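Quick one: dock chain against chain with the hints and give me the complex.
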Amino acid sequence: MLKVAINRGMSAAVLIVIASIFSFIIIAAFPGNVAALIAELRGGFVTHDVVAKVAEDYGLNDPLPVRYFAWVGDVLQGDFGHSLRTGEDVSAAIVKRLQATFILIAGGITVTLIVGVTLGFLGAMWPNGTVDRIVRVIAVVCVSVPKFFMAAMLILAFGVMMNLLPTFGFRGPLSWILPSIAVGIVPGALLSRIARVALEEAMSRPYVVTAKSKGFGRRRIIFRDALPNIVPVCLTAVGMDIAFITQSSLIIEPIFSWQGVGAYFVEAARFRDLPVLQSCLLLFSVFFIIVNLSVDLIVMTVDPLQRRAARA
Amino acid sequence: MKDFISTLRAVGWPINLLIAFFIFITLFGSFITPYDPNAQDLMSALQSFSTRHWLGTDNLGRDTLSRLISGAQTTLVGVTIILAMAGTVGMVLGTISGFFGRWVDEVIMRLVDFGLSVPSLFVALAIVGVFGPSYWNMIIALSIAWVPIYARLTRGVVKAAVNQPHIESLRVLGASRTRIIVHHLIPVALGQVLIYASADAGLLALAIANLSFLGLGVQPPLAEWGQMLVSGMPYLQEAPRLVILPGVALTLMVVGFNLFGESIALAKNPRPLSKRKLALRRQLFMKEKAA
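Protein chains in written order, with my numbering: chain A, 1 to 312; chain B, 1 to 291.
Next up, chain B with everything else stripped away, as it sits in the complex (with noise of 0.2 Å):
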């Protein structure tokens, strides 16, 4: 916990605050929309800003903002989602693919390779294709788009540090595999993938805008971001707002959570820095001291 908070620190308030907005809104969405986001009023389509519909209304007469606030529900528990599963399926492969080593290791290593030869939206793309588009193939396609990433980071981690001494000790005192992968492998490379996860979001985020917008992601009536792009395409000339609004939402998702990701994977994996990034270390060292 304390290692947590110490993270979102070096993360900058900025940025924090950013996130849990998101994440207040996914979580609490629901109670403070100010109409239903599937709700149709023909009477009222296509209405500017005003104070009955805060940020106007579509081509339907739905409700932009209420529209935004559940399109961020889609977009972040869709990407909760996909993580979690590429995440764990990652690093199992990544842990057999790097403790085992041998044959086994080259076998997963090379579909790893052709997987990130390929960027994933082809792949979930083509997966979309066959299997036709719905909510839940676009969840599976992209999670299996992105298994090689992490079953890449997985497989470094756990093959460095399998041959280090504490390793090689737990061995000599007769633990055995299992308890050596649960207990000793897993939680390191655990720490790595969620460093990396945070940094990958916004990527997901996108892809998953991606998918939408080419019809082959979430459905309508869902509220998405890029899927509500797609629709206000048409009326671009007189009422651009429903254009520009989800695209502005977007940007402003995946800057926030490109910047977390970035910030803490500085803060984490420390590199040779260069110096003025030691003298902005130093000056946050000097901080917490005094503090």
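Chain A with its partners taken away, still in its complex shape (with noise of 0.2 Å):
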């Protein structure tokens, strides 16, 4: 199990070095001269001179190499470097906008869990009854809904139409709840079709022929003996979920106005801000690296049949 574990720690180790040379590259490969735009946006007149300098000061003219492993080296010391546009210090400004991004992440896993539990729970008791289709049809348009006319949507009836919750802005928790609906919904519906296809499977297995056999109730073999199986799906799904939350905060925050790190990556991508749009990449991509590692560990502690599997 340890040794399995650390086989994993390491892969996800190389993924972490592939994903910080990724952002760096993306970078480099800057079609024109970085110098020029980084001094036009310093605004001032530019000259030849000037583009020079800043080419100095930015350590612009050593080799790709040299200059990678002084961004790394700066990046292990929690040094992300100035944002091009407001020239603030970008660490600074991200860890300022961690907490509306967590909100955000952990506002959608809620709603995913209600609506997921709920709506797969539903199906399960009675399959293939009206409930279930209603819920197979929701989850299908559900999942083919974009973002952005989701939250649209949400803004017209909750916020335009009853006027019931705060639309604009990160204002106490009434405020959280239209984004976290927003980026919850598709991913529940997903869950809940996720959890009740593993549990159609589960029922047709040799074990829960056994258990009909022996005259146990309906209940008791899908709670004693389907539910347990189907819990790493379930497990795997939300790891999924909570990738898919976070992409989501990239058009959920800009349409809600919250300050999130969502929200300044892409006002990083839209004004060309090459330090923040780095750092920002960089960050997700480990983000998403942790969140697989620690899915597929936690996947294994429960369930014995990966275990073995990841032994042999």
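Since the hints were derived computationally from the structure, they do not count as laboratory data. Note that the structure is a prediction, hence the values are computed from the model and not measured. Don't be surprised by glycine CBs; every beta carbon is placed ideally from N, CA and C. Be aware that a few hints might be false.
To be verified - Short derived list, chain A residues pointing at chain B, Cβ under 8 Å: (1) L15; (2) F22; (3) L250; (4) F265.
Here is the structure:
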């Protein structure tokens, strides 16, 4: 078990190194003269001398490997450089924005679990009944609805028409509700589907037939025999949902004007704010790699089958 | 061709009709738009549904119906180009990786692992951010973001096929590597990639809309649903149709593609079937036999 965990950790570390190289290369591939861009953004009269001085200041004349290792060294010390647009310290700005993003992810996961468990449960209790069918249709439609459209409809319904909830800004728990719903509903519907399909499959396994022939009731079979067997599948799905919700933060945060990391990333992409872009991409990549790794490890501790497969 | 028709039959006509409708609009949309989608007419801005403008006009007086049709073209053409590019590159990488194995495989698959662990929207956004927002940069960014999926898929197929007896006998018969790859491995992989691509089209349509919504994809004045929606947001209170119509259009298209891909995947790779699906399959089979 420990050996497998270390192995997984190693491959995650390799992925993180690739992530850092990718984040670095993408900026190095910037078409045109970065020094000229920086000089322009700083304002003032741009001459060759100014551009040359900027290039010297930022170490842009060094060979790529030297620049890469210098950058990694800075990042490891928590120095992500300064924003080209506002000149503020990127790491400070990101720390300031983490709260909103974490609340969005936490709220989104809460909504996901509520929706997923409720719908999945309703479907599983009466398989192929009316409820199950309605849930299936809702799930298919939900998966296809664009996130921003969902958010716009929520704003229209709860903000504009009913005037119930704040639709703008990050101001207290009431303003957290709509964004959480907007990011959580789609993964919730997906989760319920995955749980349903897994349950259906588990119910056709031999051990369920055995339980049935022993004369156990349906509820007991579902809760004692089938449900524990779909836990690993559901955990993996929740892990994917975290990635999905984080991805949604890119779109939902700007709509609700939250000052989160996702909004920061989008803003940076809009203004070609290279250091911010690079730092956010690296942070998000590392976050996803770590989430994947933890889900893998958790599933492995929960599921004896996986453990055995990993050992073999 | 027969195969194609039987697949379509397995999908079911409502979905086929929906997809056919969008494809028709894409091909012939420019002939049926009642107005030029980009023609501004400020005198008749923000009009509601009428006989002159069936679906009303937006804040610049552009005809919404025409813009919706033109948006379908933008999206579908974009999706097609991206799928073709990502599919081709992914298949090449996957075949190389699966066929040659060893360190080539290791390197390519590590890159693919990274690409798969980070959601595609992040990668695409970063690329667009560096190269600047434009239609073609968006296409390139999304293609790059989608390559890993196809590379992984192709590699799996190729790896499974390479060790099979018929490929081995080809080697014994003296077929060259190129011949094996081009004539015997790629066709197998192509089928899988096409199945997967049909399921992916919906996701790609969403991704294009997402980027355009953020102002980093399709640039105005070219009509695109996500971008129409975002420009309608300020008028949410007085003219919610400017937001609702493009959203509904996009949802319909994505629902269509998702169901289409799902049923094709179901029809093409038979999995251990549940009782319900088994019964359905039997029914279909009986129908075919009777016909």
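Now the hints, each set against the structure:
no., hint, result
1, L15, "holds (5 Å)"
2, F22, "holds (7 Å)"
3, L250, "holds (6 Å)"
4, F265, "holds (7 Å)"
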